[in-house]
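Protein chains: 2
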Amino acid sequence: MAPTKTPAFAPRGSKADIEAGLAFAPKFDADGLIPAIVTDAGSGEALMFAFMNAEALALTIETGIVHFWSRSRAALWKKGAESGNVLNVVEMRTDCDQDVLWLRVAVDGDGRACHTGRRSCFYRLVPVPGDAGAATRLALAPDAGDAT
Amino acid sequence: MAPTKTPAFAPRGSKADIEAGLAFAPKFDADGLIPAIVTDAGSGEALMFAFMNAEALALTIETGIVHFWSRSRAALWKKGAESGNVLNVVEMRTDCDQDVLWLRVAVDGDGRACHTGRRSCFYRLVPVPGDAGAATRLALAPDAGDAT
Chain U
864 MAPTKTPAFA PRGSKADIEA GLAFAPKFDA DGLIPAIVTD AGSGEALMFA FMNAEALALT
924 IETGIVHFWS RSRAALWKKG AESGNVLNVV EMRTDCDQDV LWLRVAVDGD GRACHTGRRS
984 CFYRLVPVPG DAGAATRLAL APDAGDAT
Chain E
864 MAPTKTPAFA PRGSKADIEA GLAFAPKFDA DGLIPAIVTD AGSGEALMFA FMNAEALALT
924 IETGIVHFWS RSRAALWKKG AESGNVLNVV EMRTDCDQDV LWLRVAVDGD GRACHTGRRS
984 CFYRLVPVPG DAGAATRLAL APDAGDAT
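Protein chains in written order, with our numbering: chain U, 864 to 1011; chain E, 864 to 1011.
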């Protein structure tokens, strides 16, 4: 399924083109990456956040399976390739500036999107309003579930 | 409400501290920023995505009102200060690596979180599966609403 070369998306164009147009002109940062928000298509819960390069984005669009670029491993990363918790795209959107992606997904396998074994990476609350700074203490979310 | 100086959050600690601990040790990138995902606390819809510096994060925690750092204006940015569409924090979470924030909010005013006047910045769909590359065409989402 891998493309033979990294695809080029549309050029960025004017502000009006980017905000109101229908040409997909994603903005990749200086490292060639675009941030991707992943939420559960059923519950709306945020599951994880990662980055795609142009190849990962193209593979995601072509296959409907979420691919990222792993910054730590400097490698293409098919999420769930090892754990079985593959992310199936239910819907993908981009924002006004076309510099962020939002993916609503259905998680395969046992539904654990976080590498800690939890359903979601967002298992801890930051108390608000509260005291900010070194004294800020997190709280485990009631829906955190267990790590594996 | 502004703190007299930029607060220091907890030091990052070990991987176990960061992932399993309850000390809030947010990771700011080389530019001093941490990404923040904003979703509607009611609908779960992604509304916008922006960055906070330590001061914006501290103000958000202390006031319960979302503040960002505007990269384009290089200034602290109280979202909605001009439009009236202030974002009230219903819940804030951080992720396993403590390098992303997720804020569930209630939007004041006429509920338009996007500078285009729409409820959400994510008003366009990327068709998946589809052909990736310069030919990719977006589609206006059925729930996009009107720009102002």
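Quick caveat, the hints were computed from the structure, so don't treat them as lab data.
The beta-carbon is built from N, C-alpha and C at its ideal position, and this holds for glycine as well.
There could be a bad hint or two in this list.
Partial chain E-side listing against chain U, Cβ under 8 Å, derived [unchecked claim]:
| id | residue |
| --- | --- |
| 1 | Leu896 |
| 2 | His978 |
| 3 | Pro992 |
| 4 | Gly993 |
| 5 | Ala1002 |
| 6 | Ala1004 |
| In ascending order, which of the hints set out earlier in this document are inconsistent with the structure? | Going through the list in order, the structure violates hint 1 alone and respects the others.
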